[in-house]
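Participant: Given the structure of chain A, go ahead and fit chain B onto it with the hints provided.
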Amino acid sequence: MTAVDQLHSELDQPGTTQKASAPGSPGQSYRGLAGVPLSLEPLNRKDFTSDQEVRWCPGCGDYAVLAAFQGFMPELGIKRENTVIVSGIGCSSRFPYYVDTYGLHSIHGRATAIATGVATAREDVAVFVITGDGDALSIGGNHLIHVLRRNVNVTILLFNNRIYGLTKGQYSPTSEIGKITKSTPMGSLDNPFNPISLALGAEATFVARTIDSDRKHLTNVLRAATAHRGSSLVEIYQNCPIFNDGAFDAIKDPTTSADAIIPLTHGEPIRFGVDGHLGVVRDEQTGAFSVVEVAEVGEAALAVHDAYLADPSFAFGLSRLTDAGVLHRAPIGIFRDVEAPAYDDLARDQVALAASLGNDEDALQAMINGGDTWTVR
Amino acid sequence: MKQVNTLDRVVIRFAGDSGDGMQLTGDRFTSDSAVFGNDISTLPNFPAEIRAPAGTLPGVSSFQLHFANYDIMTPGDRPDVLVAMNPAALKANIADLPRGGVIITDSADFTKRNLAKVGYQSDPLTDGSLDDYQVHALDLTGMTVEAVKGFGLTRKDATRAKNMFALGLLTWLYHRPTDGTINFLSTKFASKPEIRDANITAFKAGYAFGETTEVFAVTYEVAPAPMPAGKYRQISGNLALAYGLITASRKAGLPLFLGAYPITPASDVLHELSKHKRFGVTTFQAEDEIAGIGAALGASFAGHLGVTTTSGPGAVLKSETIGLAVATELPLIICDIQRAGPSTGMPTKTEQADLLQAMFGRNGEAPVPVLAAQSPADCFPTAIEAVRWAIKYRTPVVILSDGYLANGAEPWLVPDLTEIAAIDPEFAAGPNATDKAGEPAYLPYLRDPQTLARPWAIPGTAGLQHRIGGIEKARDTGAVSYDPANHEEMVRTRQAKIDGIVQDIPDLLVDDPADSNGRHARVLVLGWGSTYGPIVAAARRVRKTGRLVAHTHLRHLNPFPANLGNILRSYERVIVPEMNLGQLALLLRAKYLVDIRSYSRVRGLPISLSELARDLENEIDQLEGTNP
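Listed in order, the protein sequences are those of chains A and B. Here this note's numbering is used: the first residue of the first sequence is 1, the next is one more, and so on. Here this note's numbering is used: the first residue of the second sequence is 1, the next is one more, and so on.
With the rest of the complex left out, here is chain A (with noise of 0.2 Å):
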């Protein structure tokens, strides 16, 4: 069995990660398109496909991730009419314009903020915010923190091709040390972000991590991050073959893939490698997690994947295991995703109970009466 193989089993799994599984009528069975009208006709992946010619270079990442959302968005069974797609700036925010919802190719940084609007608005829109490092982390890093924190329903998919890929090839805040680019001839000196870590430290409620070429996996994720209601973040490794390519060679290569993916099952021993020959291990005193040989440690002290522990730590700690630099190895699948009321539902829930005091014409011209009135004849 390969890492690949292992992921996909354990996704497959219902009650696992699709945990509102409800077979026949999956609109409704994710807890986070409550609210979103479901389509009365069968819908199916050209239905999502807009008349626009697709204009990302050959061989790009994105055309695999556009693919399998295509693929997957019939699925939900929810009109299509009632999605709404938000990007920011670069290549992959050109993603709203291929796929025949709602959409809004906004500015740099800002498409979770603007997403956090529509999300607010309309509990009946299901709202995707399509952005990348340089978008959500750089420019938009603030926004990127505040939108998971609030836990508004939005599912964002951070395509990280760890790369500015539409200014031509400067490094970005996921590029590791001493990336040699056109704007660092002498390599980068800035440490990157590890957008898990960083979704983590903002106490997201569900924090994934998938990889563009496995269409089974990345739609899989996708699956459990719509049906996650609140802020489901989703990096996606992209390749990008003009200005980075390879950079995730190590886990798409099958000849070294199975020793760089560390495969997130929730309930099972994290173990992965050829036979299954690594594993890792929780640190009891400092909780930092670490890669050994399962034969020097028995498969006993193997630590098994929790994804639904409400303290992010534990998820925190695994998200460490990713490389800072070279990518070498990776944890990939669900680090998170735990129940928490989302923002947009308790901001409307609001608005209602105080509507339900009354809101007639008269109650509008007794507010703008006030208190204090005197009259004049």
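These aren't lab readings, by the way, just hints derived from the structure by calculation. Check the hints yourself; a few may be wrong.
[Stated by the list, open to error] Chain A residues, not near chain B, derived (Cβ > 10 Å throughout):
hint	residue
1	T120
2	K168
3	E203
4	R215
5	D245
6	D249
7	V294
8	F314
9	D323
10	G325
[As the list claims (entries may be wrong)] Computed spacing ranges between beta-carbons, pair by pair:
hint	chain 1	residue 1	chain 2	residue 2	range
11	B	K275	A	R215	47 to 53 Å
12	A	Y63	B	E439	25 to 31 Å
13	A	L357	B	D8	40 to 46 Å
14	A	G141	B	R614	53 to 59 Å
15	B	Y482	A	H277	51 to 57 Å
Note that the structure is a prediction, hence the values are computed from the model and not measured. We put the beta carbon where it would ideally sit given N, CA and C, even for glycine.
Facilitator: Relative to chain A, chain B alone:
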């Protein structure tokens, strides 16, 4: 029986330490005067620091109230009465008090230490330096503490009621009604009975002190002002703005979504709207100014009325999103409650120096309609008109107010809401074209030939799915386009759409009364925004001298009213007073090639009406070639 003098108008300035409750005292006296039927105009003036060190000059907070038996236009340049609760308040304000003016102070606060703190070498209450004024040095602290001693308060808490003692005294001195303040205190401190009772007692004690003491030989009456019949209330600019926005959202049937970040002096609009969720108002306190407007634009895209409120330093940060709203042609309201700049400037002081920012503060050709309110109550209709434009023309609209309007108050003839016309959002409900195959299609940029507005299809509308964004659009389809001719057409069309709003703007009227010989003025004073009050008052004063002066005021700053050019060209001299370095003057010169004379004051305060009147008289005399 004491002597009662009748006055037409009085200006009182309450001044004290930031913690002395001067704003509250002024507010109460204002409410009581308004309910009594006087016309009122107020100018709160407070430091940005929440509690500057006690007893220091930077910590002085003041509230000026002008009340009269006729329709007044300003809070008054100089007070007739200065209530100074400590030496710092006296020192900071004495220069504004004309000789012969009344000073009421708390003598208990004039200690050696407090005098030294503000640099008084000797006690001004006793050293003769105030001989030209009518000084009433009263032990307000001592009398207050004595009055409330039965309530078991600490001396500190007891002392804090001294503002109510002073208010009671002034209430008696000017024959104001007392019920309003007593009711107010009963409600405000309902949960703290001892504080409530102490404050009410102090208030009544101040009133009784006036009645019984020999200190004040004369009391004053200011009769109610004649006003059009109807129901009135007192209102500040920020409150009127909030009410206008809520009313407009209801008239449009669109839930109001406010995305805002706290900033002085705009925060009170956020506070007020947050209280009125029952009317479908969602308020989102964002992580920053950019997210505030971003969420508001998202809400507009989703079919709500997106609104953001801010002041200059926040408006700067919103520029890029306003540009996106221009490109996506979505309704959005941006309220800029201006304050003194640049940068942080003086947060609690007023200015109107964001006009050019509102007009041009974006990259590319990004025209945005701009309206400015001229008085606190005028913020209400201005907000409704802005929403009407935003929805009808699918455009962001900037409303300019300022710190003076925001916090200043005046009486307001409460509008009957049934008389305000509905606003139809005219959402797109179905296809508006056919595609090449003859199938129904939706073109998100197919414009209304009359307004040039595009259709507004909101998520959830079947068959009208579309994608919009900041990249240039192809005409009609809204698809991404880099075509040169298309870009030029779109740039010109967006401009023409905003220019076309002129069809909704009534012609500007000029107030230019003829003299007994039928002659009209040669000098026109043109203003915008909160200079309305000082300009009208100055024009009145000038006319009383027998000179002729014309006045008109702009609410619509982009586009300008259609007849503005003709008006400007029909006067020999056009003077434009502004609290900036001549921003409207610049626009008028550029557009109409008229030699505008800029009259500019940037002191963080409203333009002085007496100074303006004097300067206008000089201008007129110069033109007439006569000496006054």
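Participant: Which hint numbers does the structure go against, in order from smallest to largest?
Facilitator: 1
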